[in-house]
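*Asks:* Residues per chain are reported as follows:
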Amino acid sequence: MAVRPHAEPLHPAAQSLTPPGGGLQSFPPTDRWDDWEEYDPRAWPKKVARRYRLVPTICFNCEAACGLLAYVDPQTFKIQKFEGNPEHPGSRGRNCAKGPATLNQVEDPERIRYPLKRKGRRGAGEWVRVSWDEALDDIAGRVRRALAEGRQNEIMYHVGRPGHELVYHQRILHAWGIDGHNSHTNVCSASARAGYAFWHGLDRPSPDHANARFILLLSSHLESGHYFNPHAQRIIEGKKRGAKVCVIDTRLSNTASMADYWLSTWPGTEAALLLALCQVIIRERLYDREFLRRWVNWAEYLCEEHPDRPCTFETFEAILPTLYADYTPEFAERECGIAAAILVEVAREVGRSGGALATHVWRNAAAGNLGGWQVARALELLVVLVGAVATPGGTAPSLYNKAIPTPPLMPPPAKVWSELLYPREYPLAFFEMSFLLPHFLKEGRGKLDTYFTRVYNPVWTNPDGLSWIETLTDEAKVGLHVCLTPIWSETAWFADYVLPMGHGSERHDLMSQETHAARWIGFRQPVLRVALEKQGRRFATTWEAHLAAGIGEVWEEDEFWIELSWRIDPDGTLGIRKYFEAPERPGEKLTVDDFYGWIFEHSVPGLPQAAGREGVTPLAYMRKYGAFLVEDGVYRTHEKALSPTELDGASVDPVSGVIVKGGAAIGVEVAGEAQVGFPTPSRKLEFYSKTLKDWKWPEHALPGYIRSHVHWSQIDRAKNEFLLLPTFRLPTLIHTRSGNSKWLYEISHSNPLWLHPKDAERLEARTNDLLKVHTEIGSFVDRVWVTESIRPGIIACSHHLGRWRLAEETGGERWSTALVDLKPVGPGQWRMRQIHGIRPFKSEDPDSGRIFWEDAGVHQNLTFPVQPDPVSGQHCWHQKVRLERPGAEDRYGDIVVDTAKAHEVYRRWLALARPAPGPGNLRRPLWLPRAYKPDPSSYRMAE
Amino acid sequence: MRISRYRTFFIAALAACIALAAGDGASAHVGSGSGPPTATGTGGAAASVERIATEAAIDTLRAGGNAVDAAVAAAGVLGVTEPFSAGIGGGGFMVVYRASDGKVTTIDSRETAPAAMTPTSFMENSAPLPFNDARYSGRSVGVPGTVEGWDEALERYGTMSLARVLQAGIHVAQHGFVIDQTRCIGCHACTVACKEENRVPLGAFRTWVKYIEKGEFPNTRRYFAVLRCNHCDNAPCVTICPTVALYRRRDGIVDFDPSRCIGCKSCMQACPYDALYIDPETHTAAKCHFCAHRVEKGLEPACVIVCPERAILAGDLDDPASEVSRVIAREQVLVRKPEQGTKPKLFYVGADEAAITPQLQQPTAAYLWGQRSDEALSLTSMLKQGPAWAPPRSAERDAASGGPQARQAAAGWTTPKAVEALGRTVYDVPHEARPWGWRVSTYLWTKSVAAGAALVAALGTLFGGPPAASVTPALVALAFLLATTILLVADLKRPDRFHYILFKSNIRSWLVWGAWLLMAFGALAGLWLLAILTGRLGLLPLLAVPLAALALGAAGYSAFLFAQAEGRDFWQSPLLLPHLLVAAVTAGAAVGLLTHGPSPLLRGLLLMGLGVNLLLILAERYTPHPNLDAAAAARLITEGPWRRVFWGGVVIGGTLVPALLLIPASPVAAGLASLLALGGLYLWEDIWVRVGQSVPLS
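Sequence lines, in order, name chains A and B. Mapping of the first sequence onto the working numbering: position 916 corresponds to residue 916, and the numbering continues sequentially without gaps. Just add 1000 to wherever you are in the second sequence, counting from 1, and you've got the working numbering.
This is chain B alone, in the form it adopts within the complex (with noise of 0.2 Å):
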């Protein structure tokens, strides 16, 4: 048993932190000024690494228990959401600090060594054991210390039973599927109960069934997989959400909020399990949120109650005792996609891998019973030219991360021909297939060029370019920004509530890092205009810093927007966030070129960044990619529809032209590179924000 220090860390440091609680209650208040966000209040406070665990801690201290109640209760909601550093089965330590006589008492509650532990019990040929062999040997086990340490504190200082301070652990009930392929029909019985619950419109989805074949007659096998939202643990869907419109439930359920969404789509290019969608009615997003309003109720998912097969269990993962539980324990278990760590829990018995993995299936072009869009037909069709389906070299390489590209590579399957083999999708339901468009990379776009005449405005200031006082980079940046807010909020689905990103924020969400950044930006560009404007120019020395910094900050965050966009592989790539830089620092030259005329130093730093920007492009083509989805999404900037635009649009028009037009010291030539090359910026991030999305989720 390996013993966490973390786990004892924490406890001590929740007991020093309610020690400080007094009277019955506990609440507070959020203020939010200059520095670090602080927090007053009265009745208490509780701090721990989970979420629900300081909420179990601050609902005793209001059901009126004392600050050692609130740690145990912490306590055991963290033996549950983290039981390799605090599950029961290790020990720990309390520091308990009595306000009312200042007295420090420590409670040991280490594990202790089994009673038939000897002096030798690590010897072997009166020499110590390997310190490896004696760790894994099974020799070094303890005897659990924790609850017994709870019991110990609560029976000296607590006010509650260790019972009543355990619920709020036992509650932490993780909900979760169980579906058992072996069982399955693939009647869709659960699709249309599940529209009928929650009426569902047409063309949406919350659980849908996939079929796929595979074998040649008459060895010929059909499979189902009932698809879905896999509430995860650890969602991405809940992380990328700006508005918390996603959340998380205490019992592990994944639900929204409509009345918060604002329909950027985020939340669908965050998911790698295509369970999200927007609803025609409300506009917002939606997915299957275990009929949460039932379960409320006391009552199953209506997928559950309607499954003649009973292929589709539903309970609480964390009861040993319920169905779901025994099920997981008993059966061979798969996840969908584990390898993009979203801790998902809804488990497939008896499901064939080629079903449940995209990678594994092969596009056809028409479905058993059901039709297949113009749009879905030309992914089809894209993805099946040439070997853009195949895995990628690198996943050969990449074996030991026991992805399915990984499986696929170690089983030497290798060719269009053996993917094919693998499992041909003979039904599915229809799918948005590309959320984000044109809006989305012409903001990139229009972002790049504000910050970048910005960006070349401050270092001008600070190192003596040429346009020191114009007011042209400034205005050039606040009306590019305003382009930039304008796509951003046409963009939403819900455009009215725009506002909500920064008064209903989500402060993991890079949506609303990149609100406020972009905010700031504008801000210190509109007092770089001020300054200009009123003569003040003085201050610009000064303001040029943080401008620079802000336009950095404006054109590069976007890179970890698109990392938290988790489901789109090609867009998890280390190359963006040099890009976006890149991109922004040509842009801002080609804008001051077109603004200010051909200085040497612009035309030098358009030619840098053209230069650089094609490196990473083409790096970002053909270097080796770390899966498949990420390897056939870029596979199709060169081989997919897009290869046309890409070659002449890009490279040549967009970067080699202009590249040639620079040498000549031409004034009519320079605009026209800076326009050809403003042009090829934005033929890239249009191409990039497409090819990310091509390659299907589920």
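Isolated chain A, as found in the complex (with noise of 0.2 Å):
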């Protein structure tokens, strides 16, 4: 065959190519990140070279902080994607779909890029641009005020996603002498959290799945959660490695999916169905008694019920099986439905994992339900049983593995207690009631002068969201809104202010996260400013570099507060100013080199090391390769053993071993060890906790089963009533960030309502049915979807759909917004109706003009009203309805809610709590942790 021109390597491009030998690499080189090439996709196949400088930063769309790494043109300074940044220790260079959809973030043509104050009524949608002077003085003169005049309750800063969660926010309230944080915390992972911290102080689990030869999940870490990523990459690590993996959740998730064992409850039943695990193991007697003996406090157990026994562990080993005896399998069974011997099966293999049971429950179970919290407390009970408390492939509390490296020039807590977030009703809460707020107001409890809403979304995300926008739109209530955030929400048209936030790569922030057995920190950094300062330009602040870069008046959060605190006290007269002084140049403002300079310097053990080893300072160390691994394979660090330096002037309590220095415990001795323990009362792992029984919950001293506010019993079927669960995530989306991410909303954009074919049968809905959910204080409508993926009698919507807006062309990011038509129709009565669906639209990026879906999805969340679990002060999100037919007025994502209604039903629950002072007139145990605890003081009640 001769060389004819049909077969010629076809482009002049091609008929060069030489294909590398030796493999392909994932990354770029480190030592080449400064200046790396690659060839321009749309060009291709010509080969048109394009050069980008190689920035890491930290991801921010979900907790899970996993790195990334910028491309950035610096010819243009534009962003041309996000890739992982393989020096990162959690995610290794990898990530899920929310990481490069970064890149649509920042290029969101809907983007907010300078501040905007309100004209006219809160509320209206009337916004005029203003100069951030304007603001910031604005802002400034009102606190500034408010601490002068004692009002120091009146400020509030509450806050959705943290990021900058670890220590470094609580400086800047607590140098302005404020007990003002605020959080999601209450709709998200409170019960879970009270669970683990009744156990071991700390309140959140970090197991190390890698290891493990048992994973049991009451959360879809396959999909989402804390941390998604970074654990998904090492639950299919583990069971590639051999472990089982067993799935508890009601709905067939991605990772149930993945699962060896599939169980599908009946919610608000897990406990029950643990503690039948539990019992068999304690039947069988598969537990670690060493373990047991040397961690548990047993001792104070009998010492407090069973005075009159030998204190013995034997004497503990013989009561143990009767305290659980009544949750045999076939219990179990009756109550969430799984077969015995299946349960009997799980618990087995539970008891062959030895020391290596990675758990994990963080929202799900926990977050649902009435009592919630004991979900968590049995779970973790499994885990101790076990002894896999901290051991490769078990599952340690979360604090071992993350690394909170100190900032410079801390201030003392603040001498002052918020009512308005620790309610004395909710002595024992994780942490803030923050969704209690609109009613706290609305009662009279206190009201704000100016209250910081930062990526805080509460009238889309919280239950009651009606509530919120009545409280909102106040001005008696709420003096002043200001709302930090990079994109518009529903919460940001009831705002005064709102002024934009840099995206996860447009700021600074120090993270770190248990997302294995290891100690890391990562470093989120601006990436065009860092770019643009290694072409030589130099910035006094993010924004001018922003500006630079074409993308606003853009700030960061780190800068806004200083400047802000410096505003608050120009003359330094009110102690705040001080705070924001540079530590190495005193009277000159911090900069964000200044306070990470000095943390890398002298917080981060082995940092400074690992920078002198490549000559550079351990700032731009950090900002090369954007993480830091502090300690690697970080295991059973309770047996820490306390050196002769703790020891010295300290005192061993001869009953309990507690060993107390200055007041305060801080180790215990175990078997003649003086060893750190766990940060408990007792230093060890309270399987009874005395403090629930000291706060008047003595009938939950010990782990247990609270039945559900949404138990079986309490469902009629006959009536067409359902439970809904309305707590799951995507894959995909973020809960209210996601909005300007047109590469997530174009995968997924609807909520329908997941329905068995056997209740679709009885209610004659097929899929893509209308059907009306009445809950207690109104109804929505959604479609319906038919499918085995879910448990008869159980109706399943994800809360991640159902955005919002309320104008036609600002107010809501139009990739994922309905516009709605919202009003009251009557004293608390209000109506909402979509008025068209999502729509293509013009803009600088073409995209928006194809844009194909047209369904946002149906906010389900604003028909809820608020259910605070009277322990943990979890929102239990769990929900009984009933199903009806639409009528024929009725559309898709109708909404109807009475606030009047959903005010009486806060009363109700409200009633259940026990509320404070607890022993010493405390309004909260001490110990407990809180988030930025105030000074001692502070925690005494008025006698």
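Because the hints were derived from the structure by calculation, they are not lab data. Everything hinted at is true.
Below, in silico cross-link-like pairs of lysine-lysine (DSS-like), each with a Cα-Cα straight-line distance of 25 Å or less:
| no. | chain 1 | residue 1 | chain 2 | residue 2 |
| --- | --- | --- | --- | --- |
| 1 | A | 78 | B | 1297 |
| 2 | B | 1493 | A | 46 |
| 3 | A | 47 | B | 1297 |
| 4 | A | 661 | A | 933 |
| 5 | A | 244 | B | 1214 |
Derived DEER-like restraints, expressed as beta-carbon distance ranges:
| no. | chain 1 | residue 1 | chain 2 | residue 2 | range |
| --- | --- | --- | --- | --- | --- |
| 6 | B | 1182 | A | 37 | 34 to 42 Å |
| 7 | B | 1182 | A | 475 | 53 to 61 Å |
| 8 | A | 533 | B | 1159 | 51 to 59 Å |
Note that the structure is a prediction, hence the values are computed from the model and not measured. In this text, a Cβ means the ideal position worked out from N, Cα and C, and glycines have one as well.
Hints given; two lone chains; assemble the complex.
*Replies:* See below:
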């Protein structure tokens, strides 16, 4: 065959191809990050070389803090893409869909670029552009006045997804002398936190999945959750090494699909199931005797509850089986609907795992149910029984695997207590009763002078959003609402100032998460500023760099708080300014380089040495690599021996063995050895919680089972009552921050009601039919998706969709929001109707004209009343609902709510609480974790 | 070991060709004129059965090698690409002609018997083993001689080392993907990373994740399938692409060059995997290209590096040490639609067969978190109607073919209920359902009219039919040919590049042959017209045979084009060619009747055309189909949304009524019959084109 034109190598460029030898590499080598060449993908197969500067940062699209590597074009200062950062110990160069979608957020044509101030009535939707100076001076003036007038509790900072959540923001609020930190924790993880904290004083688990022999999840870590990508990597790693995976989840998640056992329980019965597993392990003596003897506070239990019997482990061992004798597999089968034989099989697998049992519960059953915190406690009991606490392949308390470097200039804690955050009814809450704020304000428990929300969207995220709207629009209750956000949200609409803050790649932040048995830090940095500065440009602040790069006047929070604090206390007389001065240059304003430079120099063990080996400063090292592994292979931290220096001047309690120094417990004597133990009052694992007993919950002092508010006995299926499971996430979305990610919404944009075929048959509903879902305070209309992936009697609906906006052109991302008409139709009576779904729109991004989906989903949370758990303070998300075929008037997405009823439901749940004071006239146990602990003196209630 | 005599032949032929080489380089240019295409050049020539092997030989010559160096380089590549016939486990001959002294030498490197073999090795009980026993017993193994033969040839006549000339073969790496579905968690990270890396516009996907669910609560499971281009060794998209915008690189990657693409969408029809889309910005085809621009820089594709679970592996399938090779060697792997013969290079570990096989999936009306377009929903409801989605009976008979429909049939999955139990599609991304619409069906029809008008005129001239010297048929043919061309160009997404089909041609593509045929046909019809207009009627009998031949070619070539649309099983019908030819005759007779009044001959011809065509159409619908997709599409003809158009428009209005109208010798009735017949033909082409694209590819 002759060489013919059609057989020529085709493009001239293709002719010169030389396939590389030696395989392909995943990432550019770090020594070439400052100048890396790739071919322009859109010009291919023409070989158009493009050069990039690679700057690491940290993803901000969930809490996992995975590494990203930004490819910045040094000519145009545009970011070409985000890849993973191979130097990051948690994410190891890999990301989920949300990582690369960061690019959408940076390039979003809808993003807010300048400070906006409301004109007209709050919530009326009129905005004028203002200067940063004007906004900062106005806000600082109000804060200064409030502080000067002793109205500390009228300043509140309310944060959604933290970042800065370590001690760095605490520094600011303590410097201001306020107790003003509010969070989203109680709509998320309060019950799981409480359950874990009662055990070991630390409020979350850190499973070592990669080395586990059995992985037991009440979570969907292969698609979402804390910390999805790093955990998902290690769960599959463990599975590939032979670990069995068991997932307890009513709904078939992707995670459940990958499991060896999928146990679809009736929601709220999970603790019964877990205790049945414990029962089998105790009955068949599969537990780790020696571990229990050393590390469980059985002595305290015997002392308190069986003072008449000898205080020996043998006594405890004799009593233990009787404590859980009722939780037979057969009992659990009746409660949760899983066959007893399967439970026995799983229990024996757990028993066989030795110390390699990795477990996790975070939201799911804990967040859905009254008494959900006992689910976490029951799960941890399993871990304790098999001695898997902080072992290889086991489950460690969170903080073991977290590195929190100390910042410079830490102010003393404030001597105030805000009852808007920690009301006396909830002395054990984890943490602030954030979602009850509108009801507290309605009841006149206080008011807010200046209310900051940051990446927090309570109107949309929280239950009972219309009560939030009613409160936010009441200027007597909220004096000034400052919304710090990169994008529009339902809540920003009801602000006085909307101040644009940077996305994950546009600000500084220090992160550390317990992704595995190690400790690392990750450095979030504004990649455009870093790239520009590497070109020789210099900027005093990040927003100036953003302006130069064409993003707009987008600030970063670190600099915002420094600047605001200076303006609150310009002459230093309030004693605030000094905490915002450079540590090395007194009197001069602190810069981010000063701040992080100091931390990396002084507070990260090993970092100065690693930097020294490369001949750079620790700050330069972190700017280059974006992450640092402080310690690997962290296990059994509680067994760390106390040093003679630490023991110097300490005393040992002869009964409990607790080692006390300077009034604080620092360790415990175990078998004659002084070890650090756990941060609990007994310094041991508290199987028996004296705290719960002392704080009026004696019946729950042991891990147990509380029948949920949506227990099957409460649901009358004959009346078409169902249990609505509204808590699950999708692998591709972020609660309220993915609205600007076109590639994520392109994949997922619907949240139909999952309905089992048998129920569908009974309701005569087919896929795509509308159903009306009645909650206690209202109703919503959604489409049905008939599926075998849900338990009969349960309906499920993801909370990740249903975004809306009130004006056609502004106030919401048009990639993701429906335009709605929202109006009061009577006192407390609200009605929302979708005017239209998502539509293509014109913008600088031609993709906005190619939107092909119309569905924006349905916003179910608006129709949920608040249901605070009386112990943990967790909003109990699951709803008892009634299904009905829609009437002629009903449309897809319709929402009806009665906020007067919502307040009644609030009062009913409030009545379940057992208020402070506890022992010592305290508002809260001093030892119990609290976000931003104020001075101990403020714990005491006035007599 | 089976020894291929073909291999021996190729190497000998190659060496003989290359022996003519002189000088230290090779260059060639191609001349085209009358007769077979020729290439002239200096410095050397090479020929082999494999383009890339030939290229390796030419490269070797360019690099200063001589003919023997080049021959061994080519043989080395063939050892990779044709392992069965030219692998290094065999042996061969090399015939070398030396121009300097005119001597011919043969190097024999055939396999030799192992040392332990004796004259009685093939005897048993003093009788020779039966031939097949001897062959397959394992005793007939030979000691390979190929590599030694290469070494010997280079030693004696070559200028390069064996290591040097084998580089080409080593570099013919076959890049492939392994997707480990036992690790995949369905997180869509690959989808988004690909969009980011390649800036893929909204609505289009180079890779995506499909979800299916199986089983009944609580024994339910969700399965994921990461779908994309398979980088086929035998890529139908490359074959059909008229302008070589799609091509297979030497390293096995199937890449594309948007600057050559005319947007004809034929690749979307040829690909059985739904891998291609039209980029809304460039209006050219695009797909996964293995991130060739990254591979070129030594980097793995974007989907590979993002995957949290390392579920996607990319690498060199020919390097036995590469991870992909090891996984494929070790694990049980599946490929999508192996029966299509495309040799896909994307291997799935642990994939559920239903997840990668659309025939084993039950379409659903909604997805778990994505909306379905109205068009997709209507396709779904169409396929769910009646037994359209059930396997045909023929599949049972076809169980030996090993395709999924055969496996389905073997398992007794013959009812829709059973199919439903197999895999419910619960998530997918949108796909362009039918890339070809009314323009393509109309083009088939206008082409029939043009070809038919000319054919009837030519036949009339040859056999004394009525409209011998009329300009009308030629004018009709030219007018409809013009319409055909306009439709074809208008259907291109890049009509401005229509001429690429002529000047950047892929001669394996029937789009190209079609274009040349239509042009030649147009030219001859023009000559025909000219002859009539200039009164040179004597030329007509001379022109009639070629005109008739070209008319038949113009009418019929589409059968080969649609056959190259390998993704569409329904179009792979042996009845298409006869139908197109009969349709042209029928249309020609109808046009003749309309323009020249009712001649009995034309009436007869039309009647015959209608009858035969009806038989073909009914056969298309009711004869057994080779696989499930084709059968499902065929069912849509009578059970889908076009059933009324089919029975009312095609069968009754377009065939039976005109046939009845032709019986009386009335000019009005004949005219009406002709119009109805033409209408019926159009409706059928339209149904046929749409039905063929109604079965999802992925």
